[in-house]
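K.L.:
Each chain, letter by letter, is given below.
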Amino acid sequence: MDFLRQWILGIAGAAVVGTVALAVTPSGSVKKAVRLASALLLIGAVLRPLTGWKTLDFEDFFIETVAAEGVEKPGQELLSGLIADRTSAYIVNKAQAVGLAIEVSVVIRENAPWSAEIVCGRPEHAKSALSQTLTGDLGIPPERQRYTEG
Amino acid sequence: MRTITTFFLFLFLLTPITYADEFSEAFGVDGLEEAVPHDVLETLRGITPDNAGGALETGFLSLLARAAKLASGSLGEGLRAALGVTAIAALCLAAGSLTEGTPTRYIQIAGVLGIAALTLTGVNSLMDAGRETLREMDQFAKVLMPALAAAGAAAGKPVSAVFRQTGTVVAANLLMTMYERLLYPLLYVYAALVTFNAAMPRDMVKRLAGFCKWVFTGLLTLTLVIFTAYLTVGGAIAGQGDTVAVKASKAALSGALPVVGGIIGDASETVLAGASVIKNAAGIFGLLAVLGIILAPCVSLAVRALAMKLGAALTGTVGNDALSGYADSLSNLYSMLMGMLFSAAFLLLVSIVSCILAGSSI
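So the sequence lines, in the order shown, correspond to chains A and B.
Quick note on this note's numbering: the first sequence kicks off at 1 and runs consecutively.
Quick note on this note's numbering: the second sequence kicks off at 1001 and runs consecutively.
Okay, chain A solo, but in the shape it has when bound (with noise of 0.2 Å):
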């Protein structure tokens, strides 16, 4: 890109000082000889790019592509927690229709329940409530389910 300034002002830069010069040069054959030099300065400064070229380096202008994982990141976190959210309700649900109070933690990969950790008062009687629904309705097999006393 600087190379493009570098020649644009060149050439006005040759185009002005060619101006000047007729303009304060007096009419005849001198005049002549002036105009013949503004005019070869002018094309000099209009191929001078030529002479030397360089490849132009465009990294500039290129920045880095955004990673397809960074715009899709919040996105699957909020699907993530909106399932585990449902999951949980739907493990608290089953669990106050037979007369349990819990509390629920779910982890979730690739978008469904993997494992479940249940905090309640009698862990042995929620166990047996609780594990068959958790393995055939959520897919969590027992040895992915955790019941602790809180």
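For the record, the hints were derived by calculation from the structure and aren't laboratory data.
All residues carry an ideal CB built from backbone N, CA and C; glycine is no exception.
Treat the hints with caution; some may be incorrect.
As the list claims (entries may be wrong) - Partial chain A-side listing against chain B, Cβ under 7 Å, derived:
| hint | residue |
| --- | --- |
| 1 | Ala12 |
| 2 | Ala15 |
| 3 | Val71 |
| 4 | Thr87 |
Use these hints to put chain B onto chain A, whose structure you have.
P.N.:
Here is chain B on its own, set in the frame of chain A:
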């Protein structure tokens, strides 16, 4: 089964109220207001990224009202400049008829210098204002485009969203670099060349000034045409990738357990619908904000350009073609600067509209 259905329906209806703030924060939409200049927010009269969804018409009317107010404020100054140019041309004509021994070239030089003194300081301050406007637009775009991309990806168009954001960011960087390193210097060169051409006889550097103008408009037009073609053609191709991805996820859902499938499907619907609403509202707010940012400088430049055209026309009636041509060239200078601001805004506006029009599906 009815209990499960009722349960999910309840959750679906409750979700927009419960999760609206969470969605805004997740996509970075809550930071949009801080990125907009304060005077633009005042012009938009309470329109925010949260409520912009149905406020497009109101926003446009507010911007139009502000434009009318700005135009009437700038009109007086513009008319004074036009009359000043005409007065200088008339004085030059009078001086030429009163001083028969003096070469008209020196009177013409004096006339050009007079017009330059009258107008070029204003040009410099408008160029500084233009730089500031471009910086504000660039900063706003750096907040808006990632938010729209994230919302667009969550609304079911991840491939298109990345494609669009990448293109916009690259084009914006290219334009900003071009403005700073080439187009602004070109404007100064053009101003110098037209001033010099008006002062000297026989239009010595007229074609050179025309070349600068041609390079200027050509570069801007080429960049915008390429960018629009990229968005249109490439966006259609990228959209096919989104369609394939959605079909694949639908197939995966259908193979899951009924309850889990219902939960995932319901959550996905919620994210799609919520993200789509957020994307459209943020997009409309972005549209209005970009128009608000360029409003003041563009109205000022438009009035100045019209005033210089009027000055050129009036100077032509006085009989000084060189000064008339100079005033016309100064009008072109204002138009070129306005074109620079419009091109930056156009790039953002096309990208925002493209985001809004990209539908969501599951």
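K.L.:
Each hint: holds or not?
P.N.:
Hints and how they fare:
no., hint, verdict
1, Ala12, "holds (5 Å)"
2, Ala15, "holds (5 Å)"
3, Val71, "holds (5 Å)"
4, Thr87, "holds (6 Å)"
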